[in-house]
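Protein chains: 4
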Amino acid sequence: MVGGGNDAFIGGVHRIAARIDDRYELVAGALSSTPEKSAASAKALGIPRSYASFAEMAEAEAAREDGIEAVSIVTPNHVHAAAAKAFLARGIHVICDKPLTSTMDDAEALEKAVAESDALFVLTHNYTGYPMIRQARAMIQAGDLGEIRIVQAEYPQDWLTSPMETEGLKQAEWRTDPKRSGAGGCVGDIGTHAHNLACFVTGLTVEKLAADLQAFGTGRTLDDNAHVMLRFVGGARGMLWSSQVAPGNENALKLRVYGDKGGLEWRQEDPNYLWFTPHGEPKRLITRGGSGANDAASAVSRIPSGHPEGYLEGFATIYNEAADAIRAVQNGADRAQAMGVLPGIVEGMSGMSFINACVSSSSADAIWVNL
Amino acid sequence: MVGGGNDAFIGGVHRIAARIDDRYELVAGALSSTPEKSAASAKALGIPRSYASFAEMAEAEAAREDGIEAVSIVTPNHVHAAAAKAFLARGIHVICDKPLTSTMDDAEALEKAVAESDALFVLTHNYTGYPMIRQARAMIQAGDLGEIRIVQAEYPQDWLTSPMETEGLKQAEWRTDPKRSGAGGCVGDIGTHAHNLACFVTGLTVEKLAADLQAFGTGRTLDDNAHVMLRFVGGARGMLWSSQVAPGNENALKLRVYGDKGGLEWRQEDPNYLWFTPHGEPKRLITRGGSGANDAASAVSRIPSGHPEGYLEGFATIYNEAADAIRAVQNGADRAQAMGVLPGIVEGMSGMSFINACVSSSSADAIWVNL
Amino acid sequence: MVGGGNDAFIGGVHRIAARIDDRYELVAGALSSTPEKSAASAKALGIPRSYASFAEMAEAEAAREDGIEAVSIVTPNHVHAAAAKAFLARGIHVICDKPLTSTMDDAEALEKAVAESDALFVLTHNYTGYPMIRQARAMIQAGDLGEIRIVQAEYPQDWLTSPMETEGLKQAEWRTDPKRSGAGGCVGDIGTHAHNLACFVTGLTVEKLAADLQAFGTGRTLDDNAHVMLRFVGGARGMLWSSQVAPGNENALKLRVYGDKGGLEWRQEDPNYLWFTPHGEPKRLITRGGSGANDAASAVSRIPSGHPEGYLEGFATIYNEAADAIRAVQNGADRAQAMGVLPGIVEGMSGMSFINACVSSSSADAIWVNL
Amino acid sequence: MVGGGNDAFIGGVHRIAARIDDRYELVAGALSSTPEKSAASAKALGIPRSYASFAEMAEAEAAREDGIEAVSIVTPNHVHAAAAKAFLARGIHVICDKPLTSTMDDAEALEKAVAESDALFVLTHNYTGYPMIRQARAMIQAGDLGEIRIVQAEYPQDWLTSPMETEGLKQAEWRTDPKRSGAGGCVGDIGTHAHNLACFVTGLTVEKLAADLQAFGTGRTLDDNAHVMLRFVGGARGMLWSSQVAPGNENALKLRVYGDKGGLEWRQEDPNYLWFTPHGEPKRLITRGGSGANDAASAVSRIPSGHPEGYLEGFATIYNEAADAIRAVQNGADRAQAMGVLPGIVEGMSGMSFINACVSSSSADAIWVNL
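Protein chains in written order, with my numbering: chain A, 739 to 1109; chain B, 739 to 1109; chain C, 739 to 1109; chain D, 739 to 1109.
Next up, chain A with everything else stripped away, as it sits in the complex (with noise of 0.2 Å):
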């Protein structure tokens, strides 16, 4: 693991996603920006081998007969692309946290990277692991909505609204900083998880987008509420909503697709649940495990219905099928093949590209800008 020391969030988030299925052991680390604090915190959590740095890491574990087969990079976005370039390079499989990287430069020299590698690259779009998103996607592919007309995405939080940054929060500081966050602010922390978890469960791809981006926050430069209209390849259109200044709300993550057939609702908070009314007929509650549940829901499912699965379950999923995929990629499958439905470098320049396309187009005062 590369980043997730004492002090972070994400880092314990993976680690016990990577735990749950019991798919990894985690033996390697450079956790901080010093090798003190990196030891420290490796030995806190009984890492047995701790790194000054990424690189020193790589270096070193690619020359060990037992080195590690994957690295997980859960580190600020601007340190993403070296480290899974340094890690690629040598063959070592990389699941990194998104947003893909900080700038697009950045993000153009990874994608050559992974293209150059024979390694897997996984993007932890965590959201695309829950049950019901499976269980939506395979519906909207199975035509149980018919044609797409409308997505609407939405991903509001709260914890912003005050200057929370100035407060000494370290969450708050790098994600409100350019440097360390890149050109998208609050587009770029969750807007891209709720365009990712659009286009992953319809399907469809966006074609252009007007963009208005607004920073509330008193001396904040990146945007910390955007809205933006969307039009999809083939005529779908959508609005989507990122927020960090929405009293209110946690992590309401919330996609709502409609068809000329039926549509369908799911809110990230209340994941176990997803709302399908075929038109016409009354709105049906699918539960994870129920009855309504699908075969794509089953296979990323542990516990009977009615015994909520949550975040880390779902986060789980990503870690678990990425570990099919390095097992089916050692065993000489195809590498797109053995991603199968999991988040990669793809869907990382797409977040690029929407995140870019978001502040292109509201400097712009909100002209459509194409992805």
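Careful, some of the hints might be misleading.
Pairs involving identical chains hold if they fit within one copy or between any two copies, as the list cannot separate such chains.
Said to hold, decoys possible - The list that follows gives simulated cross-link-like pairs (lysine-lysine, DSS-like), each with its CA atoms no further than 30 Å apart:
(1) 908 - 999
(2) 946 - 781
(3) 992 - 946
(4) 917 - 850
Hints were generated in silico from the structure; no laboratory data involved.
Chains B, C and D: place on chain A using the hints.
Only chains B, C and D this time, still in chain A's reference frame:
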């Protein structure tokens, strides 16, 4: 009453609304497009005086000593202006269904007629009559949300998902016909409700908007889905979605408002609940009639909490307050003051501007258009 | 109208309910306990004829050619029987608030009076007027749930959590006074509603019950919380909870019914929704006016789905059907047939039996008592 | 681990729960009823040491220097006692699935074995591990609800609505078999969870109960539905409903507690939410990790609010705290103190008493039975 014959939906609603608080007696009508149908409807409803047309009715009632004091106009949109002018010119108060008219020319003529008349003109933006909407407005006025930053308004329906207008449904026919509805389809029929409610609750005015309207239904010329980005005077931003092709939505009007001190959420389908989150505290459920209800809510509430009031009661509040306003004016009060929070010509013109701006913006590929 | 003067709650509800469907004109009343108060209330409400007492009213109205056809009795419970008998004896139809009376003796006398009169006796178990309750009843009759096994009924409130009756609240005073309420407190006031609704919807009859009543409020002699186990004729079992001391519950009447083929759930506070689960299939949300609504629901529904009807509309349905029944009887129909599904003396006696059985069982330490 | 072979459900849950917080390594097992099956399951799970029986395992592991420190027992109920005694007798800590045993004799023998051992005995009443349950318990201890008056506990399921035990479902077979389950069916399997949770959260003890158990499923001898009235030491009253034949309920465990100062409501299927109503104020939604979460909740919470934790995380908390307790005891701490809020033999005996009292009461026509 003008319009509201046997086939109509909204006429019956107006009649019940007028009865609930026992302030009106319905004694005359021109209920349909032909004298025979009008007479038949009047007879069925036990209305003593039936007229062949609104013109005849206005003239005859104005001439009677016991003539009507006020008239309800519940026709399709394109008739509103002419009918209203006929009564206003004779000093008869008008309660008119929304939107104001089908064309801007008609709207301006009507605006002039209202200005020249001593009678009141009330527009039934009925959702403003819900107690929890009054509560929300008063809370925002009192500063409970701080400075407003974000407004999310939506009004999705699903009844036009399939082409009902080609299957003999009268309601669908005139609503999808530009001659009778005006330039806006869905955006005029229900988008105006969302726009009106957002402004009513926040006290804000839309400065400009960018709209992307679609007509998904085969052969439809008017929009049946509308995506709109909003910029309010003073800096708040918003999004508005209205749709008639979103399966699983009946009348899912929803308003969410966020300021730097808190957030509010309200859904028309569950109108007795208002969700309030003071930033940094748990969400609270304020109920109509409950311990958190303020004076503004209590003033328009009839029964105790936990016994739901609904759409008809909210509508009745408009009628009840219109009766108050009429009595006040009859007793010499100033017209504007008598109107209080009642929606009238100002709100009607604002709605027309909203429709026109949406249509203009959309035809210019969603550029920003001032209201 | 008898009772329902200025201080009362339920009188106003009856008056609105009677107006909604335009079937009644309120022309006479004995609204309060003194002639002066009665006259003042009548004047305030615009009721032409005010009487000093129900006895005087019954006599005088019966003597008038244009005397009332029907009377609403909305007094505290202990007045119901005497008032109802006075009108029934003179052939005037009675619409009476529930529960039937305050004592079994009164109830039996009233039962006799109903039997001897040609007039109708309607008891306003108003919750039976909700469209989704009609829907549920029809679905169970049609076998959609299979054989009924379990009935869970509850009606918790919280308004007597603190001793309101000692703080001058008139509503609380008479409800906690055995002389005016009868032997049951909470169980009579609202437990009867839950019992009535359970029987109405399932078509079942309670065979025996075991009750544990409590009076938690200091100095209270009547129960303010009731736990009841039910055995229905035919083998179904149930539980009933009613409470007036459960903080957070306004009028949280809820009914759940389970058979060997499916289950139904309904909540009075969200009355436009009915949840139906055919065993082994996803839960469905049936809405008033929506695509899943059956004829029984549609027959008592006024406006489209998504525009909520509430408590007053459900109450109005009882008044509307009472008007139908009165007209039918006036036209020679059989009384029982004319009543249709309207609650009357049978339901009133059943409610009295329920109260008495609860009180008897509880005083004998919750032994089973036959109804 | 004892039990938990390939066919079992709860074994897998225990294994994931043990991994989540990285406190356990699974190194030995007697996973099935035959040596062959056990070995096959152990191999599939990558467990190094497989034994033919729990007896063999206890003996062998106790003899090893690197033998197991603790064992999980996840067999059907009738095996719990014998297996637990074998390990306790050798000083190996036991984590045992609930209910305690299938007979009172076994329970008492086990109680004795626990008393005589130095090892810990933890019973996985896993629902006590949910953060919002810890929050509720702490709030009640702090007096936020005032004096507790009413406890409503329920745990309905629907999976035995049809006779699954005759259709080859192993889970259903042993649960409906008195020899393996004990005297209680549904009341033992899930009623005990509701009972345990009610006591855990309120801190109250049931003094006596009256129960009406039913077996609705054809040919079923054990109850599949249970109605229970409760009287707590100190005067609070309650009701408990557990069912396995209520269509539309998956694992709808729900607890509601009301005192003279406020009320709390919690649902297992939406475990991150706790509803709190201080009497006379609006209802509040307290969320896991949100601004209203107290220390007791935060102590067992892993990720931020709005990212749902679920059933497995609640279960993992029991395992995590068991690891803490084991380390504490190994470091010389007092056993009782080390257990903290962990459920153990006391809770197990209490559950057995509850089952026995329910069965006794019901066979005597629901008379009150002391616990």
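The hints, checked one at a time:
For a Cα distance limit of 30 Å, the shortest separation of residue 908 from residue 999 across copies, 23 Å, qualifies, whereas the shortest one inside one copy, 47 Å, does not. With identical chains, the CA atoms of residue 946 and residue 781 are never at most 30 Å apart, being 48 Å at best within one copy and 53 Å at best between copies. With identical chains, the CA atoms of residue 992 and residue 946 are at most 30 Å apart both within one copy (21 Å) and between copies (27 Å). With identical chains, the CA atoms of residue 917 and residue 850 are at most 30 Å apart within one copy only, with a shortest distance of 22 Å there and 57 Å across copies.
Hint 2 from the earlier list is the only one contradicted by this structure; the remaining hints agree with it.
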